[in-house]
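Undergrad: Chains as they are written, first to last, in this note's numbering: chain A, 1 to 373; chain B, 1 to 202.
Note that these hints are calculated values from the structure, not bench results.
Certain hints may be false.
[What the hints assert, rightly or not] SDA-like cross-link-like pairs, simulated, lysine to any residue; straight-line CA separation at most 20 Å: (1) 350(A) / 318(A); (2) 100(B) / 144(A); (3) 71(B) / 112(A); (4) 49(A) / 118(A).
It should be emphasised that the depicted structure is a prediction, and the values quoted were computed from it without experimental measurement.
What follows is the residue order along each chain.
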Amino acid sequence: MKEIIDEYPVFGLLDLIPNGIIVIRSDYSICYWNACMAEWTDIPADEAKGTNLIERYPALKNPIVYSRITQLFEGGPAVLFSSTFHPHLIPCEFPNGDLRVEKISFIPFRQSGRKYALVLIEDMSDLTNQIKAYRTMKAVAEDQRDDLKKAQDAIYLANKKLNLLNSITRHDINNQLTVQIGYLEILEDTKLDAMQNDYFLQVTTAAKRISSMIQFTKEYEKIGVNAPVWQDCRTLVDVAAREVQLGNVMVKNDLASGMDVFADPLIVKVFYNLMDNAVRYGGKITTIRFSVEDHHGEHIIVCEDDGAGVPADEREMIFERGFGKNTGLGLALSREILYITGITIQETGKPGKGARFEMTVPKEGIQFDKHKS
Amino acid sequence: MKEIDEQTIDVIREIVNIGVGRAAGQLQEMTGSHIRLQIPAITIVPFHEITASGNTIISGDTLSAVLLDFKGTFSGISAVVFPPESAAALVMLLTGEHEKSPELDAMRIEALKEVGNIIINAVMGSIANVLSEHLVYSIPLYYEGPIENLARLKRKNVRDESVLLARTNFLVETLNVEGDILLILEIGSLEALVGSIKRVLA
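If we strip away everything but chain A, and leave its shape as in the complex, we get:
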């Protein structure tokens, strides 16, 4: 009887395929060995043909493997050996001696009443290396994520404890301060000589400063507690303006609606603070105006007034903590609130002609008409 290979010269085409291909008879003798196999194993086809595949590769004798291969010629379906469980069942080397990682399929077929199996050997080395590298990267990323989560949890807990401690301490100091101020008020009604009066004023000032500092810690505690969010700038100004005692001062809100900034939720207090400062220290001020300017794609939110302005030598000092006479949220805290999302603030007005605060928003921190389709 003619062999399948002799019967079908088209088998020669399998030499062009870049996978190892072997054809075996039901007695496991090799009747075809393609060019790729010859290259991978250094065994020429003529030498391989006629030899027994199972005898040639002892790993195939492993009972678990062998019992599956025998099913092939008992009417069973194709048998697959994955690269995960059987990477080197039929060892094929790279030129440098490293073994290829293989996936092997045994596919049964019949021809002219005879049983054969086509053995397809696919080189999975590159894919395996890529997947292993990916898995390593993924494991590292997952570990980092877990570490980060642990660190975040620890920071959150520490922050919670610190805030609790601050709150208790602030409460205790305030209690003592109330006692101190009460006695100072009694003392105020007492006749004091000039030197005693001087001391009295200094102690009173110190008490007020302590009170201001305590207020500062209370405000500062809130900064950065809540995650930054997108907020409509025009609405923020409107909301803040309603809280300020403006008197006859007019607020002109020229910010377009639909302009959102990404900022700490306390940004509303920044706008409040700017308006409150303008009214308090602006002198003959009549108008506060909010607008936005586009400087080569960089957006600047401007708050300007027509009041007394800021003396040139105080432009930076006004952002220092403790500057100014008023308690409450100062410009120092305003700067910190804005800086959480990279917004910077500076004073650029002309002394005597009005104050001008410029808040420069990073490109990624501003968006327009998000809700417009």
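Chain A is already provided as a structure; the job is to place chain B on it using the hints.
TA: Chain B only, in chain A's frame:
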């Protein structure tokens, strides 16, 4: 819909049970864990009902499956179907890997395909052996995705037909891995199958 008498169903159940029992033995050997196996449930259903989203035949809308088409005296599909989490858990167990959130990448799919191949071959090998029938098989196919897309894998005339479905649910105890072994027979093959079975039993 074609009626099949209870005796024929019993015979089919018996023959499927032999194959499934052998498959469970292979799975037990692989996992080192006891396999709890249900008695095969035999029903005749329209093919599209098996692959309909939300059907009660295969639980879960997404699945990982290894499928094998066969043709011969009788034709159909043999399949091992896992919920994706079970598939991943099984592969991780067999490869001895420990990963926090395992995913079925190409390597693990190959491994799962081999597991499915072992199970299906045990089923089909047994049936073909017992009945001494020669069947022609496709190369095993891995499928992962929504259940309804499974229908695309079959010829249109089969998608429209009723089929005989033999379903066995298995549970790998202690590992919480479950799955189904399905044997879907084209209804036209039924007489041939029953004939083969009767010949052997006689």
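Undergrad: Does each hint fit the structure? Answer for all of them.
TA: These are the hints, each one checked on the structure:
1. 350(A) / 318(A): 15 Å, holds
2. 100(B) / 144(A): With Cα atoms ~13 Å apart, residue 100(B) and residue 144(A) stay inside 20 Å; holds.
3. 71(B) / 112(A): Given that 20 Å is the threshold and the Cα spacing comes to 19 Å, the pair holds.
4. 49(A) / 118(A): Holds, at about 14 Å.
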